[in-house]
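J.: One-letter residues, chain by chain:
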Amino acid sequence: MSTKPTLVVIGNGMVGHHFLENLIASDIKDHYHLVTFCEEQRPAYDRVHLSEFFSGKSAEDLSMVSEGFFANNNITLHLGDKAVAIDTENKWVSSEKGLAISYDKLVLATGSYPFVPPVPGHDRKNCFVYRTIEDLEAMNNAAKTAQVGAVIGGGLLGLEAAKALQDLKLKTHVVQFSPRLMAAQLDDGGAQMLADKIEALGVSVLTSKNTTQIVDGTECLHKMIFADGTELETDMILFSAGIRPRDDIARASGIAVGSRGGIIIDNQCKTSAPDVYAIGECAVWNEQTFGLVAPGYSMARTVVADLAGKDASFTGADMSTKLKLNGVDVASIGDPHASTPGSLVYTYQNGAEEIYKRIVVSADKKKLLGAVLVGDASGYGTLLQYCLNGIDLPANPDSLILPSRSDESVGLGPDALPANAQICSCFDVTKGQICTAIESGCHTMGALKDSTKAATGCGGCSALLKSVLDCELDKAGFEVNTDLCEHFAYTRQDLYNLIMVNEIKTFDELLKQQGKGRGCEVCRQAVGSILASYWNDYILKTEHLSLQDTNDTFLANMQKDGTYSVVPRMTGGEVTPDGLIAIGQIAKKYKLYTKVTGGQRVDLFGARVDQLPLIWQELIDAGFESGHAYGKSLRTVKSCVGSTWCRFGVDDSVGLAVELENRYKGLRSPHKIKFAVSGCTRECAEAQSKDIGIIATEGGWNLYVCGNGGMKPRHGDLFATNLDKETLIKYIDRVLTFYSRTADRLQRTSVWMENMEGGLDYLRSVVIDDKLGVCADLEAQMQRVVDTYQCEWKTTIADESKLKRFRHFINSDKTDENILFVEERGQIRPANEQERQHMTVMEEA
Amino acid sequence: MSHWIDICPLEDLQPDSGVCALVEDQQVAIFYMPKDNAVFAVNNYDPFGKVHVLSRGLLGDIKGEPMIASPLYKQHFSLLTGQCFEDESISIPVYAVRIENHRVAVSLEE
Ligand code: SRM
Ligand SMILES: Cc1cc2nc3c(=O)[nH]c(=O)nc-3n(C[C@H](O)[C@H](O)[C@H](O)COP(=O)(O)OP(=O)(O)OC[C@H]3O[C@@H](n4cnc5c(N)ncnc54)[C@H](O)[C@@H]3O)c2cc1C
Ligand code: SF4
Ligand code: FES
Chain A
1 MSTKPTLVVI
11 GNGMVGHHFL
21 ENLIASDIKD
31 HYHLVTFCEE
41 QRPAYDRVHL
51 SEFFSGKSAE
61 DLSMVSEGFF
71 ANNNITLHLG
81 DKAVAIDTEN
91 KWVSSEKGLA
101 ISYDKLVLAT
111 GSYPFVPPVP
121 GHDRKNCFVY
131 RTIEDLEAMN
141 NAAKTAQVGA
151 VIGGGLLGLE
161 AAKALQDLKL
171 KTHVVQFSPR
181 LMAAQLDDGG
191 AQMLADKIEA
201 LGVSVLTSKN
211 TTQIVDGTEC
221 LHKMIFADGT
231 ELETDMILFS
241 AGIRPRDDIA
251 RASGIAVGSR
261 GGIIIDNQCK
271 TSAPDVYAIG
281 ECAVWNEQTF
291 GLVAPGYSMA
301 RTVVADLAGK
311 DASFTGADMS
321 TKLKLNGVDV
331 ASIGDPHAST
341 PGSLVYTYQN
351 GAEEIYKRIV
361 VSADKKKLLG
371 AVLVGDASGY
381 GTLLQYCLNG
391 IDLPANPDSL
401 ILPSRSDESV
411 GLGPDALPAN
421 AQICSCFDVT
431 KGQICTAIES
441 GCHTMGALKD
451 STKAATGCGG
461 CSALLKSVLD
471 CELDKAGFEV
481 NTDLCEHFAY
491 TRQDLYNLIM
501 VNEIKTFDEL
511 LKQQGKGRGC
521 EVCRQAVGSI
531 LASYWNDYIL
541 KTEHLSLQDT
551 NDTFLANMQK
561 DGTYSVVPRM
571 TGGEVTPDGL
581 IAIGQIAKKY
591 KLYTKVTGGQ
601 RVDLFGARVD
611 QLPLIWQELI
621 DAGFESGHAY
631 GKSLRTVKSC
641 VGSTWCRFGV
651 DDSVGLAVEL
661 ENRYKGLRSP
671 HKIKFAVSGC
681 TRECAEAQSK
691 DIGIIATEGG
701 WNLYVCGNGG
711 MKPRHGDLFA
721 TNLDKETLIK
731 YIDRVLTFYS
741 RTADRLQRTS
751 VWMENMEGGL
761 DYLRSVVIDD
771 KLGVCADLEA
781 QMQRVVDTYQ
791 CEWKTTIADE
801 SKLKRFRHFI
811 NSDKTDENIL
821 FVEERGQIRP
831 ANEQERQHMT
841 VMEEA
Chain B
1001 MSHWIDICPL
1011 EDLQPDSGVC
1021 ALVEDQQVAI
1031 FYMPKDNAVF
1041 AVNNYDPFGK
1051 VHVLSRGLLG
1061 DIKGEPMIAS
1071 PLYKQHFSLL
1081 TGQCFEDESI
1091 SIPVYAVRIE
1101 NHRVAVSLEE
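From first to last, the protein sequence lines stand for chains A and B.
Residue numbering for the first sequence follows my numbering, starting at 1 and increasing by one per position.
Residue numbering for the second sequence follows my numbering, starting at 1001 and increasing by one per position.
Relax, there's no trap hidden among the hints.
DSS-like, lysine-lysine: derived pairs with alpha carbons at most 27 Å apart:
{"hint": "1", "chain 1": "B", "residue 1": "Lys-1035", "chain 2": "A", "residue 2": "Lys-804"}
{"hint": "2", "chain 1": "A", "residue 1": "Lys-541", "chain 2": "B", "residue 2": "Lys-1035"}
{"hint": "3", "chain 1": "A", "residue 1": "Lys-802", "chain 2": "B", "residue 2": "Lys-1035"}
{"hint": "4", "chain 1": "A", "residue 1": "Lys-512", "chain 2": "B", "residue 2": "Lys-1035"}
Distance windows between CB atoms, simulated:
{"hint": "5", "chain 1": "A", "residue 1": "Asp-450", "chain 2": "B", "residue 2": "Arg-1103", "range": "53 to 59 Å"}
{"hint": "6", "chain 1": "B", "residue 1": "Pro-1034", "chain 2": "A", "residue 2": "Ala-798", "range": "21 to 27 Å"}
{"hint": "7", "chain 1": "B", "residue 1": "Pro-1034", "chain 2": "A", "residue 2": "His-838", "range": "42 to 48 Å"}
{"hint": "8", "chain 1": "B", "residue 1": "Asp-1006", "chain 2": "A", "residue 2": "His-838", "range": "34 to 40 Å"}
{"hint": "9", "chain 1": "A", "residue 1": "Val-822", "chain 2": "B", "residue 2": "Arg-1103", "range": "39 to 45 Å"}
{"hint": "10", "chain 1": "B", "residue 1": "Ala-1096", "chain 2": "A", "residue 2": "Asp-537", "range": "33 to 39 Å"}
{"hint": "11", "chain 1": "B", "residue 1": "Pro-1034", "chain 2": "A", "residue 2": "His-443", "range": "36 to 42 Å"}
{"hint": "12", "chain 1": "B", "residue 1": "Glu-1024", "chain 2": "A", "residue 2": "Val-501", "range": "49 to 55 Å"}
{"hint": "13", "chain 1": "B", "residue 1": "Ala-1096", "chain 2": "A", "residue 2": "Val-822", "range": "35 to 41 Å"}
{"hint": "14", "chain 1": "B", "residue 1": "Ala-1096", "chain 2": "A", "residue 2": "Asn-832", "range": "31 to 37 Å"}
{"hint": "15", "chain 1": "B", "residue 1": "Ala-1096", "chain 2": "A", "residue 2": "Lys-804", "range": "23 to 29 Å"}
{"hint": "16", "chain 1": "B", "residue 1": "Pro-1034", "chain 2": "A", "residue 2": "Thr-456", "range": "51 to 57 Å"}
{"hint": "17", "chain 1": "A", "residue 1": "Asp-537", "chain 2": "B", "residue 2": "Asp-1006", "range": "33 to 39 Å"}
{"hint": "18", "chain 1": "A", "residue 1": "Cys-471", "chain 2": "B", "residue 2": "Pro-1034", "range": "46 to 52 Å"}
Listed below are several chain A residues computed to face chain B (Cβ distance under 10 Å; list not exhaustive):
{"hint": "19", "residue": "Asp-508"}
{"hint": "20", "residue": "Leu-547"}
{"hint": "21", "residue": "Asp-549"}
{"hint": "22", "residue": "Thr-563"}
{"hint": "23", "residue": "Arg-807"}
{"hint": "24", "residue": "Ile-810"}
{"hint": "25", "residue": "Lys-814"}
The set of hints was computed from the structure by calculation and includes no laboratory data.
Using N, Cα and C, we set each Cβ at its ideal position, and we do this for glycine too.
Use the sequences and the hints to build the structure in full.
T.: Right, here's the structure in full:
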């Protein structure tokens, strides 16, 4: 038996666990025999990121417990057991499962529970709260049969829950008792702007609604009846009407609790009972409770220090927060309601861009007391630092929230922060600690997060952390390396300019002039792409051949089994019956797998390298051209059927798509480019998800740019409206050439635009207003490319010397006998590992 | 003593690129770097993609060491040792290759 004193922690939630971790990391780690009661079925998990459960995070992903934590540190964990009584006189705790453990020190970390207003009907089926993984599992189940969901409560948590309901595909309503959302953090102006934004996400916001009853609905499961006589039907109800400290066990044991609930603690987090502490959301300090993790963590650290006999005090906490909703920037700092006597308020409101900012400043205009940001919270880090560190404000404090109209920067550079400035409030990490970590070699965000824990809590500090990192690296003389690769100390844009200015036509020439070594797959492909987009040479010219990825060198896409796919161009997705028949016959003859692609054309798979020229010869004879499916180049211009046939069509979308595809086919670019043209705003061609999207309107063509699908979809931005065809083509020429010249390698138009300083407005100023005076040049370059187009397959087939490469063996006419197919749904597919083994055995037998 | 097998005339090699030869039932990828007047030969089998395609990869060097990048999943292999740069436990067979009288020959012993 251990003779060590026993320390019992009731509650293994976020704060209770942080306490254990800190204790284990301290020098008194071996002083106690540690026991913890955990009422939930699983040990501590990250409640702050609970909503990510709906975006695919599992309970394990959310767990805060490192492997073997309890066992390795000799902590006795009573999982699924609730402490029910404390005898503060004889110092023991008893549990629901009947354990009785005597303690020397006791820490209460019981958190809080969601408050459910006692409305008649609140306990009906499919009425939930939002606090535990079990709550979310139940919601998930109910959502399968529900259409409509309502959240009661429009605070931080309520809005997060509403987003979750929406992600579960429910028509979502937020029902708020008071006249404004996030009443604790926002003023009227900010709340109104927020409500507009939330509605724009498709969530309806009902304010000043007092729910008096929940009864059977007619269309949905429930009907909510409000005090003003109105009603709302919904299948699911989520209560998020605030939290209450879980002080029941303390109350029952005679430990002092506050008048509005919560276990009363002093500056050392001690309760009224000897050797009993309380930390986290269950505690009340100075008549205040704290519904955030950071103050709880700070209490946990205070108790560890106190146990170790060190001086430490909890003296309140900053309650600044940001809302964690994508696309809705909301932040509140310090005292946003200007409750400090004499304080001054500055407000900036921009109705057009839906931005609302307000700062509260001390009477002498020297210190920042609070702030509210809606629509643009980019200033959060800077303002928070002014507020927390009492940094003197600039002479005109309003410059902090007014859009900057000159080049002067009002942001607080990380350099201006003192070393003791707290950067991460969740883990109490100061700028000084971060600088020390950087000095000791943490030069990436990942390394810095691992070593300091900063930015691994709510994540609110990560932008600031990054700027401290960049600033320190810069000061230490580290350059952020933008070299293309070890062979060229230039960016792709530099190389493009060098090639243009010095009229360089081959990789070897460029390597000799500007590079070193033999090159690699990165620089070869990047330079190959630049040369092709500027000079538009035949890409299989001997001097360019070694620059192409295998897909380009064989003018086809390599598949997993080493065979290739064949994609003939079908401009605008249009194909004649004869064309289709020809493709069918060719596919049949060469036994190819055929599939209609997502790009409105037909792909033929399973061609051996030696068959490619034969297949293409037949395709060309039937009138087809290369579809460039292998190149970083224009892929397809999708179309909808348009005014020719469609009863809603406003203009001839197919005609324009065909014309555009013929104009830009073969155009080599930093990454692939896709277009689409829709004949009316119904948008059947999905033009807004393309690099270049065009939609017909009564007034002309509307041009969208820089959209894409793929890994990170982005809708295109409306670039110009009501264009005639000539202007439209002019703008596209300019946008694409400017993209080719200035983008990074393998950067699609969306990322290119997002990284461009000034973004869409800047692009417009270059392309429409000709700010750089380059438009004529951009158009001329495009015209040259258009005029020198060639079907690469035609050129290749006509050149005997090029065909040699399409043999599998340089010294034999045999083919690769390792390529094996089996049949599935009436067509071939590559044999899998098992089938291959089987087939080889058969052959040998 | 190496046993040299004649493959093809030098013109059949692709400058700064690869070809595949059939050498006694083995698929051998042969790479040619005319500027260094160097040829390299490795087995054509890509141990990651599990198919015979290395001759169709991109050529270059990593810190001066000549390498071939797989066309499928872009792992890099040293042309001197066959060692994979990404995975210490993987290497591919490397063969001796020479140019004599404008003809290319490979020896499988090595
Ligand atoms: C064949 C096809 C799938 C199908 O059966 O429908 C396809 C097949 C491939 N896609 Fe795709 N994509 C196909 C339409 C799409 C679409 C839909 C579209 O174009 O409307 C998209 C999303 C739209 C977009 O790009 O914005 C799409 C987004 C991608 C991406 C992700 C790009 C991104 O920016 O995130 C990749 C990966 C990449 O390019 O790095 C990719 C890469 C590939 C590769 C090249 C992967 C590879 O390296 O092997 C596949 C080549 C197969 C081949 O041999 O042809 N494919 N791919 C489609 C060919 C369309 C065509 O006719 O040319
Ligand atoms: C969806 C959601 C989003 C949030 N987002 C943020 C955010 O962005 N930023 C932020 O700072 N905070 C956020 N919070 C709040 C944050 O999660 C809490 O502040 C934090 O969890 C408090 O930690 P705690 O340990 O005090 O309480 P809890 O994490 O609730 O832990 C208390 C634990 O004690 C257990 N317990 C209670 N009584 C007993 C007993 N008698 N015996 C045994 N076990 C017991 C409970 O079951 C529970 O497991 C969010 C909360 C939720 C639900
Ligand atoms: S989605 Fe993935 S698997 Fe499907 S075709 Fe595109 S790249 Fe290939
Ligand atoms: S402030 Fe929450 S992670 Fe840093």
